[in-house]
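Generate the whole structure from the sequences, applying the supplied hints.
Next come the chains, spelled out residue by residue.
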Amino acid sequence: MQVLMVDDDTSFTMATQEILEILGHQVVAAASVEEAKTQLAVGSFDILLLDIMLPDGSGFEVLDSIPTSRKPRHITFITGQAAIKNMIRSVAGSDVSFLLKPIDIDKIRALLAKVELAESNKDASVLRHFGVLIGESAPMQSLYKMIERVGASQANVMIMGESGSGKELIARAIHNASQCEGAFVAANCGAMPTELIGSELFGHEKGAFTGAASRKAGLFERAHGGTLFLDEITEMPLELQPNLLRVLETGRITRLGGTQEIDVHCRVLSATNRTREQLATEQCLREDIYFRLAVFPVQSPTLSQRREDIPLLCNAFLAELNEDQGCALTIDEESMARLQNYSWPGNVRELRHAIHRSFIMTDPGQDNLQLPDDLSSPFSKELPTTPSLAAGKTIQEMEKELIMATLAEVNDDKPKAATMLGISLKTLYNRLNQYENSQLSALNSNVPG
Amino acid sequence: MSDPNDIAATRHHLRNQLNNITMNAELVKLQIQQSTPPEKILLSIERMLDECKACGEFLNNLSDSAS
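Just so you know, the protein sequences line up as chains A and B, in that order.
My numbering puts the first residue of the first sequence at 1, with every later residue one more than the last.
My numbering puts the first residue of the second sequence at 1, with every later residue one more than the last.
A couple of the hints might just be wrong.
Unchecked claim - Capping the alpha-carbon separation at 30 Å, the derived lysine-lysine pairs in DSS-like fashion look like this: (1) A:Lys414 x A:Lys426; (2) B:Lys29 x A:Lys114; (3) B:Lys29 x A:Lys101.
As the list claims (entries may be wrong) - Here are some of the chain A residues that sit facing chain B, going by a computed Cβ distance under 10 Å: (4) Asp9; (5) Thr10; (6) Met14; (7) Thr16; (8) Glu18; (9) Ile19; (10) Ile103; (11) Asp104; (12) Ile105; (13) Ile108.
If you're looking for bench data, these hints aren't it; they were derived computationally from the structure.
Computed from a predicted structure; not experimentally measured.
The C-beta atom is built at its ideal place from N, Cα and C for all residues, glycine as well.
Next comes the structure, spelled out in structure tokens:
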């Protein structure tokens, strides 16, 4: 990296310059405001190390003189007083960091690492596939391939995936990939009152029903030449689904209260958080509609299936918040590891929420995002382990699973667990001893003789 | 020396000198790890000693003015 160091203390400047050079960076030194201005006018720097008190003025004058096009990517003030950090931030903006004297090599290394991390974060936040999707993992790469293929066709797509996994973004990506001229119109079938679904989808003529004060174009008309995205398609009442089927088959709609058929050409994307099995067993979607809507079914990967994308997503969300709030928070390695190790049952939506919550909770003046002790939210908590009924398990195995799950639920409170299980405390202890003994004998049998 | 301004100025001065000694010591450590020519290492040590000397003089003046 290119570093401009502005300080009039020769002994300090020479030592720092040599240290940075040994660490592989190029350093230019300036001992005054004027020298710094000259350097900034001709050179381009990644880091500006700036003393506040200079012989011919202050470090702030140096900052003011920097043309926007030549602003170093990172500005660090060198000061001996931690107390003036906030004062400097109020003058120079929050997008600065500090090296507090006495400085040692660890502080220098930490600063360099932070700048490099911020740079990689910045780069990462930029890459959005099809303008919206973030992630470079294998599941996302195969998703991108599918989007590219389906984008070139006119096929209707059904996007399946867990809640919060980004189904609407996939829909937008497909719309973007298709480069059609019409609009992207999104609607949530679960949010439409049953009696208004027809009017919302197909529009209505003036006076079609009480309250229809004027003619209204429906979602299909608005999406003409573009994409209609119907989220939570399985929430549409079964009895209304034949109306949708008819439009999908004929490409024509009739507004409520109208007599004239109108041609509509739009791709219909739909989404559901039900699995294929649920679609088949729960009878929430007519079979004929499914085949019309899911010409090309796409699965939205869960966040736990693409853990390697978590840093990219976190940095992208944080970059948005930083930009909105004029901050420069970063995520340190320890926090990133925690974020990457959490299960995220609520998927990307939960991750975004956690970053936002942490951003708000981070103390002013901190450089790193401070995560809460507990990352989970009330709705995202994983369900307590319940015994999974599966053929092939013995009754003893099921019993053990139930006992262990109950103990976990009551924080190992054995009397409480016994009450919940409907057995005596003595029986519970007997079972636990039994499990312990069988575990010990299993261990002993594995010890080479 | 009870004037808070004097105390602040003294602290600032000593902190800067301590900082320069620290940075030059860090440099020497790195130079040795990098097998830098001894004459270059000596220059860093000279700077360190100069800072120590200046620091000593400053402390002497300080105790003289206090007495």
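Verification of the supplied hints:
1. Between Lys414 of chain A and Lys426 of chain A, the direct Cα distance comes to roughly 10 Å. Compliance with the 30 Å bound is thereby established for this hinted pair.
2. Restraint check: the Cα-Cα separation between Lys29 of chain B and Lys114 of chain A comes to about 23 Å, which is no more than 30 Å; the hinted pair holds.
3. Using a Cα cut-off of 30 Å, the hinted pair Lys29 of chain B and Lys101 of chain A holds, with the two alpha carbons roughly 19 Å apart.
4. For Asp9 of chain A, the suggested interface contact is upheld, since its CB lies about 7 Å from the closest CB of chain B, less than 10 Å.
5. At its closest, the beta carbon of Thr10 of chain A sits 9 Å from a beta carbon of chain B; the interface hint therefore holds under the 10 Å criterion.
6. The interface hint given for Met14 of chain A is met, as the beta carbon of that residue sits about 7 Å from the closest beta carbon of chain B, less than 10 Å.
7. The interface hint given for Thr16 of chain A is met, as the beta carbon of that residue sits about 6 Å from the closest beta carbon of chain B, less than 10 Å.
8. With a least beta-carbon distance of about 5 Å to chain B, the hint placing Glu18 of chain A at the interface is held under the 10 Å criterion.
9. Interface hint at Ile19 of chain A: satisfied, since its Cβ lies 5 Å from the closest Cβ of chain B, which is below the 10 Å cut-off.
10. Interface hint at Ile103 of chain A: satisfied, since its Cβ lies 6 Å from the closest Cβ of chain B, which is below the 10 Å cut-off.
11. This hint holds: Asp104 of chain A has a C-beta 6 Å from the nearest C-beta of chain B, less than the 10 Å allowed.
12. The beta carbon of Ile105 of chain A comes within 4 Å of a beta carbon in chain B, closer than 10 Å, and the hint placing it at the interface holds.
13. A least Cβ separation of about 8 Å between Ile108 of chain A and chain B falls short of the 10 Å threshold, and the interface hint therefore holds.
Checked against the numbered hints above, the structure violates none of them.
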